[in-house]
Amino acid sequence: MSTKHAKAAAAFIADGERTHWHDQALFFVREKRDRLSKGVPEWEELRDMASRIKLHTITHWIHYLEEFEKNALANGIHVHWAKDADEHNQIVLQIIRKHNGKRLVKSKSMLTEECEMAPFLEEQGINVVETDLGERIMQLMHTPPSHIVLPAIHVKREEVGKVFEKYLHTEKDNSDPTYLTHAARKDLRQKFLNADIAMTGVNFGIASTGAFVVCTNEGNADMGTSFPKVHIASMGMEKLIPDDESLAVFTRLLARSATGQPSTTYTSHYKKPAEGKEIHLIIVDNGRSDILGNEEHIHSLQCIRCGACMNTCPVYRRSGGYSYTYFIPGPIGINLGMLKSPQKYYDNVSACSLCYSCSDICPVKIDLAEQIYRWRQNLAPFKLADPTKKFIVKRMKWVMNSPGLFYTAIKAGKLLKYMPRFMIYNGLNAWGKGRELPDFAPESFNAMWKKGKIEKTDKHEKS
Amino acid sequence: MTSKDLIFSKIKGHTHHQYGKPQMNLMPMSFNDKMKSFIEISQAVGGAAIVLEKDKDINELIKELYPEAKTIASNIPLITCRTMNPDELEDAAALNGTDLGVVQGIFGVVENGAVWIRQSVKHKAIYFISEALVILLDKTHLVNTMHEAYAQPDFNDYDFGCFIAGPSKTADIEQALVIGAHGAKKVTVILT
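Each protein sequence line maps, in turn, to chains A and B. Our numbering puts the last residue of the first sequence at 619; the count rises by one with no breaks. Our numbering puts the last residue of the second sequence at 264; the count rises by one with no breaks.
Be aware that a few hints might be false.
[Unchecked claim] The calculated label-pair distances, taken between Cβ atoms and stated as ranges, are: (1) A/Y478 <-> B/L150: 53 to 63 angstroms; (2) B/D226 <-> A/A230: 28 to 38 angstroms; (3) B/H89 <-> A/K546: 26 to 36 angstroms; (4) B/L249 <-> A/N283: 26 to 36 angstroms; (5) B/H89 <-> A/K226: 22 to 32 angstroms; (6) A/H219 <-> B/K211: 11 to 21 angstroms; (7) A/Y478 <-> B/E132: 49 to 59 angstroms; (8) A/Q280 <-> B/T74: 40 to 50 angstroms; (9) B/K128 <-> A/Y478: 36 to 46 angstroms; (10) A/Q280 <-> B/N228: 37 to 47 angstroms.
For the record, the hints were derived by calculation from the structure and aren't laboratory data. Even for Gly, the Cβ is constructed at its ideal location relative to N, Cα and C.
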């Protein structure tokens, strides 16, 4: 039984050259992250600190949320609370309606993706323009992003050229990245100047000051908030941190982990709305308070959405973001999807070789691979475990637990000759595809030992 | 029950073990020659930092660096080469087409080449919409890391503030680095 991930991945890897290109593009980012992190001697201490700050904050959530709200209100920010995605979208719509808004420019926000806000607003007649270049490309292509930091990582420049020809009237067959980027700059400049509502996500909310921080390289969030009267910022509750001292730790980790830069180009701090302007901050739960109660998966709440786990994941790099059924792909997406709905998203837990590379590099030390392993162990209660695998494992356990049976099987050659073929080449098991078992030795070690064929040799003799 | 109450009651029910705040007793990296490193790292992030020579006039230097700039916006009186004071504009959108913005930085961060800008202009748009940006910075105002940056005693005196590290950039098309996604295509920090 192949999972949906395996089936989608099979389609992705059918184009070998493209798979290799995708793999290399992401590993290039991973290597940049390595170089930058090695330039900071206290890197591991920072990771440890970041992890503990987040865990501290979410286990004192009410205290910090209250403090954050109090300070933000005192600064003149409108604070809204949304228990779920629907409420979030309704709040956004109400704010837009109150100001007779028609044209909304937004920067990249995983939370608004999570709430499926853009299609909802479009249905209500609001024109929503994505302003991050990668997101804009995906919006014009009418497909979702395939990576949380590099939304168009799977798209070739020629494909961008084609879509820009159609919508931005760029030169035919010109796929030069600089030319295309500057064409988008020109087009989006007009959208910024004529927008009546700006929307951003939030990278960090600072309880002690009531301020929030938005990080971009393009400056699109800043351009967006510079002209319209109203700025709506959506923040998942887990983005909260206690104070500026904590913020220092995270601003040092985020861009180094995400793209291998010492910082993002723009790290913007919003505290008080400018005269005559409004800032609306929506604090969103949407399942986060449930994760808090799940001790095996609580660390997922520490995520700062840097995407490093995707860039390093050998499965993600070779199967692409669209192979996953949850909107966030890669190791963190596997876990967040399972926390959202195991029944809906269990297909993704197979998209992991348990190499633990994600756990090794996560800047906030989320036990990503360990969690995926635990999900796999616990699929049975959800009646989601693969029945074929369960059958095989049960038989194997029976054979392995009995030395007599095991050696009999080996001696008779049955286990080697027949069981592996049945186990591995049954057409249902992905492991059997594209792999051949090595040739087995005619005699087992155990048999040779018993016959006295094994001679003890001094291991230093040959060296 | 409001949504806030509902969320809080769920948090209460789901909080089990409470973890303490870690000690922030880190010994972060530092730089022997802060100015030299700041100049190097500014270049590495696509920008530039140069020292204003003793007898050099700042307006002359700006003219040399940006000979083609026709509209120069600044609210700093010292910048006599400006062609307009952006604070006199009613509408921020009128800043579109500004060739060069000259703005004041508060301090620079050596580890990432970023300069802390505390909004001191009427329209923050000037920091982002100008085709090129010159940031004036006192060369003695350099800190090693973000830890020192946030520990500056007057750090929190801002309504809007932004760390700017080099020009606007993107690599969203095939990971090819392109300068000038939406904001300034060129950024020069002048150390005075």
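inquiry  = Does the beta carbon distance between A/H219 and B/K211 stay inside 11 to 21 angstroms, or does it fall outside?
reply    = Cβ of A/H219 to Cβ of B/K211: about 42 angstroms, so the range 11 to 21 angstroms is violated.
Assessment of proposed distance window 22 to 32 angstroms (beta carbons of B/H89, A/K226) = Distance hint for B/H89, A/K226 holds at roughly 26 angstroms.
message = Within 26 to 36 angstroms: is that where the Cβ-Cβ distance between B/L249 and A/N283 falls?
response = Holds, at about 31 angstroms.
inquiry  = Quick check on a hinted range of 40 to 50 angstroms for A/Q280 and B/T74, using CB atoms only.
reply    = violated, 24 angstroms
query = Between A/Y478 and B/E132, does the beta-carbon spacing fit 49 to 59 angstroms?
reply = Hint holds: Cβ distance 55 angstroms, inside 49 to 59 angstroms.
query = Does the Cβ distance between B/K128 and A/Y478 fall inside 36 to 46 angstroms?
reply = violated, 56 angstroms
ask   = Do the Cβ positions of A/Q280 and B/N228 conform to the proposed distance bound of 37 to 47 angstroms?
value = holds, 38 angstroms
task = Given the hint of 26 to 36 angstroms, check if B/H89 and A/K546 actually sit that far apart at their C-beta atoms.
result = holds, 34 angstroms
ask   = Range hint 53 to 63 angstroms: satisfied by the CB atoms of A/Y478 and B/L150?
value = holds, 54 angstroms
query = Per the hint of 28 to 38 angstroms, is the separation of the Cβ atoms of B/D226 and A/A230 within bounds?
reply = violated, 19 angstroms
Checked against the numbered hints above, the structure breaks hints 2, 6, 8, 9 and satisfies the rest.
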